[in-house]
Amino acid sequence: MSLWLVLAVNSVTLGGLLFLLSAGFSLIFGLMRIPNLTHGSFFMLGGYFAASLIEWGLGFWPAALVSGLLVAALGGVVERLVLRRLAGAELAQVLVTLGLSFMIADVCLKVWTGDPVRIDTPRGLQGVTTVGSFAFPTYRLAISLVAVGFAAALWLLMDRTRLGAMIRAGVDDPDMARVAGIRVSRLFTIVFCLGAWLAGFAGVIGGPILSVYPGLDQEMLPLALVVVILGGSGSLLGSLVGSFVVGFLYNFGQAMFPELAYVVLFLPMLLVLVVRPQGLFGRTAV
Amino acid sequence: MRRLALAAALAVLAALPLWAGGTFYINIGSQILLYAVFALGINILVGYAGLVSLGHAGLLGIAAYTAARLLNGGHGHLVAVALALALTLAAAALFATLALRGSGSGIGFVMITLAIGQIVWGVAYRWISITNGDNGISIGARPSPLGLSLASPAHFYWATLVVFLAALGSVAILVASPFGASLRGTRDQPRRMAALGYHVWMIRFLAFLLSGLWSGVAGLLFLYYNQFVSPQAVALTASAEALLMVISGGSGTLLGPVVGAALVVVMKNVASAYIERWNFVLGAIFVAIVVFMPEGLVPGAARLWRRAILQWTPRPSVAASGERPAR
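Protein chains in written order, with the numbering used here: chain A, 967 to 1252; chain B, 3 to 329.
Quick caveat, the hints were computed from the structure, so don't treat them as lab data.
Some hints could be false.
[Unchecked claim] Pairs of lysine to aspartate or glutamate, EDC-like flavour, derived with a Cα cap of 20 Å:
#1 B:K270 - A:D1072
#2 A:K1076 - B:E278
#3 A:K1076 - A:D1139
With the rest of the complex left out, here is chain A:
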C-alpha cells in the first residue's frame, strides 16, 4: 500500500517538474511554431548554474531565481541573435536549436565534468511531513505546491492580463495579431525568455531529486515532447494534464515494468495520435 503511495507522490512531483518544463515548450511551440530542442538543455543548465551558485555561497532559492534568470537571458540571446535571423524558416530553426543543444551539452560536460552534480535539499524542506498516518518527503510536497502555484500564475498571466491576451492572439493567428497592431516579434522574445526561465527554474528545483548529470537534457526533452503531443500545443491546461499523466505513467511504468518504462510512456501517445491527433486540449490542426 505504502509503495503505491510513494509512487503516487513521486509521480505528482515529476508531473510538477514536467509542467514547468513543458508549459514553456508548449507556449513557444504554439506561438513560434518551432519545437525548441534546446529546452532540455535549458533545464540542465538551470541545474548546473544553481549548483555552482550554491557552491559559491548563495542560498537555494536565490540561486534558483538567479540561474533561472541566467537561462532566460541565454534564451533571449538565442532568440534574438539566431532564431530571429531565420524567421520564417521553421526547419532551419529546429536544426539550429538541435545544434545548439549539442553545443550546450558539450560545454556542460567540459565545465561540470561527467560526474553527477548534487544539489542539496534546502534546509527548511528536509525531512518528512506527516499527514494522518503517512509520512511524505517535505521537499516533494513543496515541488508540487510550487508547480501548482506556477500553474495558477501562468493561467492568470495568460487569461487575465493584456500580455496574455496578446500571446493568445499570436498563438491563434499571428498574421491577424500583427495586423491588429501587436508586435508579434517582441512576443516571440518574451515567450522564449519566459519558457527558458521556466525550464531553468525547473532544472534547479528538480536538482535535489534528480541531481544534474550529462544526458539529463536528452532525457527530459522527449518527456516534454510526449507531454505536448498528449496535451496539445499552446494549451496550458493540456500541459498540466499531460504532465501529470506522463509523471504517473513514467513512475508506475518504471516500478511495474522496469525494462519497458519508455514503451508504457509511448502507448498513450500512440492512442492520442490515433484518436485525437491535435492532442487532448489542442485546437484542430491549422
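Given chain A, put chain B in place with the hints provided.
Chain B in isolation, oriented as in the chain A frame:
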C-alpha cells in the same frame, strides 16, 4: 562527358583499396559508403518529401539489433537479414502512420519522429534481457555471400560499394520516376496535389517505407562493419549526425547526401584525432551550415560558383537565388 565522369568516379571508388594505402583508410571508405546509404535513405524523406525525421537512427537500430539477436540465436545470415529488413519495414510503417498522423506534415513530424526515436533508444538501453542494455551485442563473424568472405577490410569495402551503388541507383530511378515527381509535388504543393487527385498521405507513406528500407540496409551494414551494436547507434546524436550529412551535402539532391556522409565521417575521424569535443563541433557545424549555407554544400557551392562567374561576365542574367537546381 557525363558518362565518362561517372565511369571514372566508379573506377576510382572501386580501386580505393588499391590506392588508399592502409586498412585504416579502407575502413574509412567503408564507413563513408555505409553512412551514405543511410543518408540516401533519409534524403528520400527530408529532401524529396520535405519531411524531416529525427528518428531514423531508431530504424537503423531496429535492423541492427534484430539481425544481431537472430545471428546469436544460431540463425543463418540470410534469415537474419531478411527478418531484420522485414521488421524494419513493419516498424517504419508504424512510425509513418503515427508521424503522418500528427499535423500531416511539417513540424509535428519532427517532434513525433524524435519522440519515437527516443523510445527506441529507451528500449535499447533499458530492455536488458533483449538488448543487453548499455553493453550492446556483439556478433561472431561477417557473412560470406556467394562464397566470398567479407572478413578482410577490402572485401567488406567492395561489398559495401555494391550495396551503396544499388541504393544510389534506386534513388536515382525514384527521382526520375513519376512517383518521384509526385513526391516532390507533395513537398512543394501538398494542397494542389490533393486537389489534382493524388493521394498525398499514401505517397508520403510509401516514401517513408522506402527510406526506412535503406535505413535498415544501412543498419545491417553497420552491424557487419562493427560486428557490434549498442544503444549509442540509436541515440538522438546518431539521427542528428545522419541529418547533418543530408543537409550539409544538400538535401533534395542526388549526390548531396553522399558528399555530406564523406564530410561528416572524415571530419569525425580527423577531428577526434585532434579534439575530444566532437559533439561541440557537430553542433557548431549544424548551426553554421543552417545560418550561412542553408541549401547545403553541393547546391551552395554551385550557387557561389555561379555568382563568381556572374561577377566576371557583365551581362544580365537570371538571378539564381533560392531556386533548386533542375535535375
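Structure-based check of all given hints:
no.	hint	in the structure
1	B:K270 - A:D1072	holds, 15 Å
2	A:K1076 - B:E278	holds, 10 Å
3	A:K1076 - A:D1139	violated, 42 Å
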